[in-house]
Amino acid sequence: MHAVSEQLTIDEIWSLLESVPDPEIPVISVVDLGIVRDVSRKGDEVTVTVTPTYSGCPATAVIAMEIEEALRRKGADRVRIEMQLSPAWTTQWITKQGREKLRAYGIAPPVEGAPCAGALKAPPVVACPRCASDNTERVSQFGSTPCKAHYRCKDCLEPFDYFKSF
Amino acid sequence: MPKAAKDNLAMEFSLRMGDNCLILGQQVAAWCGHAPVLEEDIALANTALDLIGQTKFWLGLAAELEGEGRSADDLAFLRDVRAFRNGLLVEQPNGDFGQTLMRQFLFDAWHYLVLTALLSSTEKRIAEIAEKAVKEVTYHLERSSDLVIRLGDGSAESHARMQTALDDLWRFTGELMTPDSVDEALAEIGVAPDLGRIEKQWAEHVRAVLQEATLTIPEGAYMQQGGKAGLHSEAFGHLLADMQFLQRAYPGATW
Ligand SMILES: [Zn+2]
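Those protein sequence lines, which keep their order, are chains A and B. The numbering of the first sequence is our numbering, which starts it at 1 and goes up by one. The numbering of the second sequence is our numbering, which starts it at 1001 and goes up by one.
Keep in mind the hints are simulated off the structure, nothing from the lab. Every residue, glycine too, gets a C-beta built ideally from N, C-alpha and C. Any given hint might turn out to be false.
[Said to hold, decoys possible] Pair ranges (Cβ atoms, derived): (1) Glu1219/B with Met83/A: 46 to 52 Å; (2) Lys1003/B with Pro159/A: 53 to 59 Å; (3) Thr49/A with Asp1180/B: 35 to 41 Å; (4) Ser19/A with His1238/B: 48 to 54 Å; (5) Glu137/A with Ala1030/B: 29 to 35 Å; (6) Glu82/A with Glu1234/B: 41 to 47 Å; (7) Arg1082/B with Asp134/A: 53 to 59 Å; (8) Asp38/A with Arg1248/B: 37 to 43 Å.
[As the list claims (entries may be wrong)] Using 27 Å as the maximum straight-line C-alpha spacing, the simulated DSSO-like pairs for lysine-lysine come out as follows: (9) Lys96/A with Lys1135/B; (10) Lys101/A with Lys1006/B; (11) Lys1056/B with Lys1006/B; (12) Lys1056/B with Lys1003/B; (13) Lys74/A with Lys42/A; (14) Lys1135/B with Lys1200/B.
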């Protein structure tokens, strides 16, 4: 049991969550990824509302567990993770800082506003995260995880992951 | 309409959506490690993963609306053939890569249009699942349309295989857009779209892609029905036996 004075404030919980990494791309936090939608508390119960990135994303369960553990370590005994589907997650919620971290890690961040509805559209122009060249091509619409596409740079000749706009 | 009757219709609808996603997801997953090229292997695995994820939402909602304490897993692993509500299209065998791809394309076009219409469903929980799923299915449709064109309008060999796939699968598409009494009641209360409207939009997209792919739609094909009523093909029993074996042999087994 923890006295009220020891309880984490909502702000403290948010900054704590900023240190919980995404299990698939550990350079960015779950907050950078934009999947933490709300933090609230009723009495000594903390509720963190999380939205999944992709329906079948295997990381979703791991993320819920890691958030719970991070909060418990700081003394929050009663943690509830609520899954929320709507509004659906969009890559527009990835923070500016998150985008920079992705680029530095070698993953091209999402090009927002890139059309994705329907078929037969040209894939977006994605700058190479290594040499910044726009002279790149899409190898495959799907990469190592559902959220990424596979690209190749025609200047430095390196393959790279592109975090698809979604 | 009394709430219980509406819930019952919404449950039936969630089962249909969930079973389509589950059966197609199960079949596509079987390609993992067997696709002709690595990129396609990854794309197929990701598509299967999306579909299984969506299944979890649909069957979860169906179980909730049913209110008999069953879970999404119970519905997936413990029902018998006759209780499944998926269309016949998704249970057609994987065949070669062309068959798998054509099946995916014909389904994706329908799936995308239905999900888009469901965004304005009067059942909030259905609209929420559609909002999530349609973003994924947009990518599925983009990929399958693109590949059908590349392979249809490709080499003589790839063209022939795609045409054979289309000839084999076309007769299973009509069912998805032929309303039964459940579909009619769902459309009336605004839970699900009018399938006649979906059919028009579907035909428009599918015809445009097939034309660009230089493929010919079989004429005067007799459209098979039965999936929504639980009347499935013989192969479906084997598919279920494979998918359900573990939970049937070791009830409640977990990772
Ligand atoms: Zn480069």
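Hint check results:
1. Take Glu1219/B and Met83/A: their Cβ atoms lie about 48 Å apart, and the range 46 to 52 Å holds.
2. For the hinted restraint 53 to 59 Å between Lys1003/B and Pro159/A, the CB-CB distance of approximately 54 Å keeps it satisfied.
3. Checked against the hint of 35 to 41 Å, the pair Thr49/A and Asp1180/B passes, with Cβ atoms roughly 38 Å apart.
4. For Ser19/A and His1238/B, the hinted distance range of 48 to 54 Å is satisfied, since their beta carbons lie about 49 Å from each other.
5. Between Glu137/A and Ala1030/B the C-beta distance comes to about 30 Å, which sits within the given range of 29 to 35 Å.
6. Between Glu82/A and Glu1234/B the beta carbons are some 44 Å apart, a value that agrees with the proposed interval 41 to 47 Å.
7. A hinted range of 53 to 59 Å for the beta carbons of Arg1082/B and Asp134/A is consistent with their spacing of about 56 Å.
8. Checking the proposed 37 to 43 Å range against Asp38/A and Arg1248/B shows it holds: the Cβ atoms sit about 40 Å from each other.
9. Annotation: proposed proximity of Lys96/A to Lys1135/B holds, straight-line Cα distance about 22 Å (limit 27 Å).
10. A distance of roughly 48 Å separates the Cα atoms of Lys101/A and Lys1006/B; the hinted pair therefore is violated under the 27 Å criterion.
11. In summary, the hint linking Lys1056/B to Lys1006/B is supported, as the alpha carbons are separated by about 21 Å, within the 27 Å threshold.
12. Of the supplied pair hints, the one linking Lys1056/B and Lys1003/B holds, its CA atoms being roughly 24 Å apart against a limit of 27 Å.
13. The suggested pairing of Lys74/A with Lys42/A holds, with an alpha-carbon distance near 17 Å, which does not exceed 27 Å.
14. Of the supplied pair hints, the one linking Lys1135/B and Lys1200/B holds, its CA atoms being roughly 22 Å apart against a limit of 27 Å.
Comparing the model with each numbered hint stated earlier shows that hint 10 is the single one that does not hold.
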